[in-house]
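Chemist: Okay, here's what each chain looks like letter by letter:
Protein chains: 2
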Amino acid sequence: MAFSIDALKEKGRRMRIDSLKATTEAGSGHPSSCLSAADLMSVIFFNEMRFDPKNPHNPANDRFVLSKGHAAPLLWSAYAECGIVEQEDLLTLRRLDSDLEGHPTPRMPWVDVATGSLGQGLSAGLGNALAARLDEIPYNTYVLLGDGECAEGSVWEAAALAHYNKASNLYAVVDVNGLGQSQRTMDQFDVNRFAEKFRAFGWFALTVDGHNYAEILNAFEKCRREGGDQPRAIVAKTFKGKGVSMLENLEGWHGKPVPKQDLPKALAELEKPLGPNEFKPNPRTGFTLPAAPVEVHIAVSRKPGESAATREAYGDALVKVADKDPRIVALDGDTKNSTFSEKLLKAYPRRFFEMFIAEQNMAGVATGLAARGKIPFVSTFAAFLTRAYDQIRMAGVSQSNVKFCGSHAGVSIGEDGPSQMGLEDIAMFRTIPGSVILYPCDAVSAERAVEQAARHKGICYIRSSRPKTAVLYSNVEQFPIGGSKTLRQSANDRVTVIAAGITVHEALKAASKLEADGIAIRVIDAYSIKPIDADGIVAAAKATEGRVIVVEDHYEEGGLGDAVLDAVGNQAKVVKLGVHEIPRSGPPDALIEKYGISSSHIVSAVKQF
Amino acid sequence: MAFSIDALKEKGRRMRIDSLKATTEAGSGHPSSCLSAADLMSVIFFNEMRFDPKNPHNPANDRFVLSKGHAAPLLWSAYAECGIVEQEDLLTLRRLDSDLEGHPTPRMPWVDVATGSLGQGLSAGLGNALAARLDEIPYNTYVLLGDGECAEGSVWEAAALAHYNKASNLYAVVDVNGLGQSQRTMDQFDVNRFAEKFRAFGWFALTVDGHNYAEILNAFEKCRREGGDQPRAIVAKTFKGKGVSMLENLEGWHGKPVPKQDLPKALAELEKPLGPNEFKPNPRTGFTLPAAPVEVHIAVSRKPGESAATREAYGDALVKVADKDPRIVALDGDTKNSTFSEKLLKAYPRRFFEMFIAEQNMAGVATGLAARGKIPFVSTFAAFLTRAYDQIRMAGVSQSNVKFCGSHAGVSIGEDGPSQMGLEDIAMFRTIPGSVILYPCDAVSAERAVEQAARHKGICYIRSSRPKTAVLYSNVEQFPIGGSKTLRQSANDRVTVIAAGITVHEALKAASKLEADGIAIRVIDAYSIKPIDADGIVAAAKATEGRVIVVEDHYEEGGLGDAVLDAVGNQAKVVKLGVHEIPRSGPPDALIEKYGISSSHIVSAVKQF
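In the order they appear, the protein sequences are chains R and G. The opening position of the first sequence corresponds to residue 1 in our numbering, with each subsequent residue numbered one higher. The opening position of the second sequence corresponds to residue 1 in our numbering, with each subsequent residue numbered one higher.
One or more of the hints may lead you astray.
A pair holds if it fits inside one copy or across any two, identical chains being indistinguishable in the list.
DSS-like mimics (lysine-lysine), calculated; alpha carbons at most 25 angstroms apart, straight line [claimed, not checked]:
id	residue 1	residue 2
1	Lys9	Lys513
2	Lys9	Lys457
3	Lys457	Lys166
4	Lys573	Lys542
5	Lys303	Lys594
6	Lys485	Lys457
7	Lys280	Lys542
8	Lys303	Lys256
9	Lys256	Lys346
10	Lys509	Lys485
11	Lys260	Lys468
Hints in this document: simulated from the structure, not taken from any laboratory.
Okay, chain R solo, but in the shape it has when bound (with noise of 0.2 angstroms):
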């Protein structure tokens, strides 16, 4: 043990001040949440973790994560009490200009992934914990979880995959404080049922006293000893804001800081001293992570009039970028033989995460892994990935640098029907500050999208489709972030259509047979929907005096409509083509017509202009 259990307690001691006089300060907070983790914090920093307060980019840091991210005010004192923020700092909690923000973002250089949705911070350890793994270092994660939370399905899904994956550089504390927002919890104090579900989970998962240090620490230690293979779970009783008896296990304290006028009286209760006031880190050092590669380039060979699925491209490209790059992963949910990811898998197994039937958990799991430098590629059917919707937002908080694809996209994948269908994909990516959305419409596009989302610093979105469609595009045509592609022009063009994916290859047919009408349309390939080639398309509407289609296999909601209407604004008449109601089963080319996005009813929009 690194210091004595006084040392601990005073620890515990000054985070339970720093948290009520920060929360009191900003007038909001949560400060019972903070007080009932006090010195699980304590012993979890000051004794379990090795880092080195100075460099938060030691890749042999031990990581944790706040999963509970109310209870921030605790985690901004615990660095206080590290040297990593000043102690007054913490006065600034949740004001405009400070990065002591009221749920952990990583503004704070320490914070990997921003939360404060509960029941996140376990995949995101696993995400660390695997990461470790995988680079051989011997770091270990620490997740602190709320048992409100753990009612959460992802806290199960993590605790599943953490098993699957022998993840016992992996530790979940949770602090079973019985109290909810607005309620006592399901469980309340039940630390043993707690236990028991992590048992069946596959953890190995021990039940303490959260205020008693001895059995806190001879809990980790035990962990050390017996744990084997399997995660650690320490499950503690607690009372929420334990150590001031106006707060202490009452009912209506969430979210309440203590008034002014009681906090003198409240920190009296505290003014004791525990211990000595001291901390020495003790840093694991001597690891380095290899240098990141210079731009990814990869090369590019279809053949012209090949047919090619544009999932399957996603998974040949996968592997050239994986060439190239070493930091980049791939992770699936159990459709590694529809989005072609297994081709990553074949070609580098180490590097290729089977996630299984738990969405909310791989996307969790990704924004772990990228916190730790790699580039994860996730991929699933497009409409599951509405399923981590939460976690993809949390993710665009933390500027997380993970690339999804969804496969399978729109009414074009036919028999399967509406629960498989991906409609409200991009209206979904679109909402997400800062994120790139990319659609190809071919093999070659779509493997260059991949190579576009493995250099690009952030949240990529890669919608891909079943069916086999003709390359279009040279192998060695560039498709930069934000442009488009113009694929039919001529000087008496009468109307734009603008499409993306699958109908690039509908707005052809139908180019095709208006020519045979004398009537001559631009095709335009709005391959990048994020962001959007807004001067190309609104040079295009003009040429083409102000009459736009545009024609998409989604929801005509929220998609690439919408972002034209963006685009253009009053410049252009815009129609737009997409689904707008639920679709049924059926054979792709019956339901594109059915749905009002086939070549037929884009030749028809033409004429009505």
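Position chain G against the provided structure of chain R, taking the given hints into account.
Modeler: Below, chain G alone, put in the same frame as chain R:
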């Protein structure tokens, strides 16, 4: 026992044959997944369940949810064996004009809730079970799950809530065939592990050989005798493709029909009758549900100039509509003191369901309750509804009569920071076909929004705000879906400003400031974001020479701005004011200033025109 084991085996054989024939005919589908579950299905449908095949609306019918929705052919076959559908119709599986879709949807009268996105059926089942409890009708709900889908956290959310609610009328039957889509599952054939997981979550759980009828029957009997007040799980070891040697327990057959040329050989292995072909329904009768009330009308009695939060008005109105319509129930995710759904808990405790911090399950349970004729109002923070997007998407596919309320919309919540801010919720709900989105700006319109939602048939989303705002409308003002209100208007309006919710108040402040500068603006409260009052907005745009500003406390993508753009097209120049980066913690007024949606920004935008 209703029938001889041999008769049940014969039903199993017939359902295997039907599944093979239908999928081979369709050229797609999941026969191997049907074959593993056929024996379980036979016992459930032809021995356990009491229902009237002639009357899907008998309120006392036992309920069935096919959580592993890809086994739809098995369900259609069971229906044929009951006489619900015609035998020959089974060969129309997946055709464009057939209601026998690839995955079950409520196009088929007996299917309450669309499935096919895995891990959602147990929540829907729990909703049914809770409805039975509420209506005091002793029907049981049987949910057939796959093993792969038990990786989905939503299953464990449902499991926890089922235990908490003592749902002894809920049965989960798990078809453990050890094979997922792309590889073997995590737990493979370890049925004991599955059972231990269910027991850890508080269920009564048994394991059986899923192809041994005596064992399956005895297990149900034992559940009845010993299950007590616990929900019941029967975990069955099965073989994917059971009964056909070219399929049985072999990888690589997920989602693949037997090729036409191989079908005779496969069928030959199943040609020997196993017993008499007989089924006699044993419906439970004598229960009725009260007639639905005539349209709900509530009385609103706010004082002008009163200051109230729309979230609190939501709570008030929830009680008022519940007074008028006994079908109304409420669900909340441990935020009831923030969303004010707690007011319904106080008024009608039996009709309030605390769903704890598990939003996926909450949404799924709501679809189950709605299938049983309840009108569920589901509330939590708007940001956390993203956790349930896949369930909301599937509620859309089911055209479920569920109402959602997302509180704490936008940056205007203040210091809690981005993890708690709903900034993409309007975009999310816009993608649900047929959805209604209402965003009231004051307490009167908030109460009317609840009234409208209670009356409307289909998914409704109400967005509520945290801060108190002034009451603007008179108590008798009506707020029809698809309407808007013009709050400021003159003959000299230069610009139309369209707002909703919190930004209506900013727009009014801006109007006053501009008035002092001699500039008149039209202010429209677009409380109905979907469907939007396109005619009204276009008329206003024309009256202000095409100058339109839209201001929303939401990201710029997919929200009110995009809805307005879609409505006006090129008939106006639309300037969108919305949030366009990840926000941070800070005081509400400072945040709306910083993120460009305050009255001063509206004033600047008007002046820039």
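Chemist: Now tell me if each hint is right for this structure.
Modeler: Okay, the hints, checked on the actual structure:
| no. | hint | verdict |
| --- | --- | --- |
| 1 | Lys9 / Lys513 | neither (79 angstroms within a copy, 57 angstroms between copies) |
| 2 | Lys9 / Lys457 | neither (42 angstroms within a copy, 58 angstroms between copies) |
| 3 | Lys457 / Lys166 | neither (31 angstroms within a copy, 49 angstroms between copies) |
| 4 | Lys573 / Lys542 | both (10 angstroms within a copy, 16 angstroms between copies) |
| 5 | Lys303 / Lys594 | neither (32 angstroms within a copy, 52 angstroms between copies) |
| 6 | Lys485 / Lys457 | within (23 angstroms within a copy, 44 angstroms between copies) |
| 7 | Lys280 / Lys542 | neither (68 angstroms within a copy, 70 angstroms between copies) |
| 8 | Lys303 / Lys256 | neither (65 angstroms within a copy, 29 angstroms between copies) |
| 9 | Lys256 / Lys346 | between (53 angstroms within a copy, 22 angstroms between copies) |
| 10 | Lys509 / Lys485 | within (17 angstroms within a copy, 45 angstroms between copies) |
| 11 | Lys260 / Lys468 | between (67 angstroms within a copy, 23 angstroms between copies) |
Checked against the numbered hints given earlier, the structure breaks hints 1, 2, 3, 5, 7, 8 and satisfies all the rest.
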